[in-house]
Amino acid sequence: MTQEAAPSYELAADEGVRLVERLRHGKLGLVLLPAVTLAVAVGVWQWVSKSGLVNEIILPAPTDIASELVDLVQQSSFWHATWVTAQEAVIGFVAGVLTAWVLGTLIAMFRIFSLAFYPLIIAFQISPRIALAPVFLTWFGFGMSSKIVMAATICFFPVLVNVVLGLEGASADSRALMRSFGASKWETYRKLLLPTSLPATFASLKVAIALAMIGAVVAEFVGASEGLGVLIRQLSFQLEIAASFAVLIVLSLLGLVFYGATSLLEAKVVYWRGRT
Amino acid sequence: MTGRSLARERRSEAVEVLRARLRESDRVAVVFWPVVLVLLILGTWQWLSKSGIVDEVLLPAPTDVVDSLRRLGNTYFFWDAAWVTTQEALIGFVLGVFVGWALGTLIGMSRIAYRAFYPIIVATQLVPHTAFAPIFITWFGFGIASKYTLAAAICFFPVLINVVHGLETVNRDARALMRSLGASRWEEYRKLLFPASLPAIFAALKIAITFALVGAVVAEFVGADEGMAVLIKTFNFQLLVAEGFAVILALSVLGLVLYGVTVLLEARIVFWRQH
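Line by line, the protein sequences give chains D and W.
Oh and the first sequence: position 20 is 1 in our numbering, straight run, nothing missing.
Numbers in our numbering are just positions in the second sequence, counted from 1, shifted up by 75.
If you're looking for bench data, these hints aren't it; they were derived computationally from the structure.
All C-beta atoms, glycine included, are put in the ideal place defined by N, C-alpha and C.
Some hints could be false.
Here chain W is said to cover these stretches of chain D; the calculated rule only asks that three of the stretch's residues, wherever they fall, bring their Cβ under 8 Å from a Cβ of chain W [unchecked claim]:
| # | region |
| --- | --- |
| 1 | -6 to 0 |
| 2 | 13 to 23 |
| 3 | 89 to 103 |
| 4 | 115 to 126 |
| 5 | 218 to 227 |
| 6 | 231 to 239 |
Pulled a few chain W residues facing chain D out of the computed Cβ check, cut under 7 Å [said to hold, decoys possible]:
| # | residue |
| --- | --- |
| 7 | Pro203 |
| 8 | Val289 |
| 9 | Ile323 |
| 10 | Gly330 |
Kindly produce the complete structure, drawing on both the sequences and the hints.
This is how it looks when you write it as structure tokens:
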């Protein structure tokens, strides 16, 4: 409810970077062993499916999924669905992040906002926001807008929390220094607080983009006319599991591209951020 | 930033700030302003709905939501739905935690398992799990099995990663001491590694329980005969938005209760953990 499935995503990405770094330090076993395990796993999967041990309709073989994927990318309807979901996620992400950033700044800069909003934020974080999907559908219809609102709602909170904690994270010494130089509140914000808060803010954007995707897909599950979520659902219910897996692969790739783009942006903007 | 890749909650940092405030600054303001804000929001909402600026069907007044909740509380189907969703989340949680803990222990204890499985498991986490819901429903049907499977699939990874890190970060000197005393691998695990990794595991449990509920809810949205998410969906599609909100409210309470129980357990079992 708090962070939906995104921390897994973030954790996995962090852990992936660590593993790749170890790999760079010349530990070949790190490639070889996983490659062997993976090959064995795929081989067993292929065999289980093709030998009829598990019905091929229920568990399609990896080769079938691959050929479905090849078919899929040749259809324009598939690219249209991808485009719809991508738009929903990105617009939702931008809307959610901007709102969170403005509100977070108000909360961190003005004590009265801070006092009033803090407990509410915590309460909302624990509530299952994903359950609002049907409400948004009733309010905003079966088109893209209900998905955008869901995506924005889900990715709003992690950003808000990080903006607030980031802005409040400036050390008391540097604040005192700014004051002793006679800096105004605005100058303190622009020259000290904002730069200090950017690493935390950008870290939360990576969580937010993954959440926005999940929000869009779940809202599509509840009710939509087009999109990758609709496609997965239709294909699964028509027992086209292989095609359904193929769409899942595309969805994962889309998520990776978004995540990568956000990480690049982070590296460019907060270039001074120390690597762990 | 050594603990960065541990599954910690950002929420807890916010809670700490709030706690510190309650201790130091004037408590009246800390309680007063949130109450004012809540009243302001509820008041505006009530007014918007009752004055007809927004259609009352689409945005029912808070008082109507409370009424609906009271009415729902007297029906059997509401409690049935609540029970179904609770079961799905809890079974999924137990399954996910067990799998995450078992795999995490295997990977944390054995170099070969770490190298062979860990990169692959990490890679599988880059798939948005919730998108698996329709496939799980095709596999396991419209009953609760597909719901707890999705819940388990979503909540096992934070546990796994915290177990792996928890085992990795155990003090090297302590391990050397155990070995120099001639402890077997099993003794080393039972007397040192397991207790030392418990705080990390419990931190993950709090995340896992919230994930489990999300998994149950999403799977119910995709296809189910009963459960709270089914109710939310049905009510909204019948334009009974007030009833829909009432169930969402109840679901939030359920989430809070499950979370609270996990926190209590943590305080009991890993009592030595610093705050």
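Results for each hint:
1. Requiring three or more residues with a Cβ within less than 8 Å of a Cβ of chain W, the coverage given for the region -6 to 0 of chain D holds, as 6 such residues are present.
2. With 6 residues having a beta carbon nearer than 8 Å to a beta carbon of chain W, the region 13 to 23 of chain D meets the requirement of three or more and the stated coverage holds.
3. Residues of the region 89 to 103 of chain D lying with their CB closer than 8 Å to a CB of chain W number 9, which satisfies the three-residue condition for coverage.
4. Against chain W, the region 115 to 126 of chain D contributes 5 residues with a C-beta closer than 8 Å to a partner C-beta. That satisfies the three-residue criterion, and the hint holds.
5. Only residues whose C-beta sits within less than 8 Å of a C-beta in chain W count toward coverage, and the region 218 to 227 of chain D has 5 of them, enough to reach three; the restraint holds.
6. Counting residues of the region 231 to 239 of chain D whose CB lies closer than 8 Å to any CB of chain W gives 4, which reaches the minimum of 3, so the coverage claim holds.
7. With its C-beta approaching chain D no nearer than about 6 Å, Pro203 (chain W) sits inside the 7 Å limit, and its interface hint holds.
8. Evaluation of the Val289 (chain W) hint against chain D yields a held restraint, the C-beta minimum of about 6 Å falling below 7 Å.
9. The beta carbon of Ile323 (chain W) comes within 5 Å of a beta carbon in chain D, closer than 7 Å, and the hint placing it at the interface holds.
10. Annotation: Gly330 (chain W) was flagged as interfacial toward chain D, and the flag holds, the nearest CB pair being 5 Å apart, inside 7 Å.
This entry satisfies every hint, going by the numbered hints stated previously.
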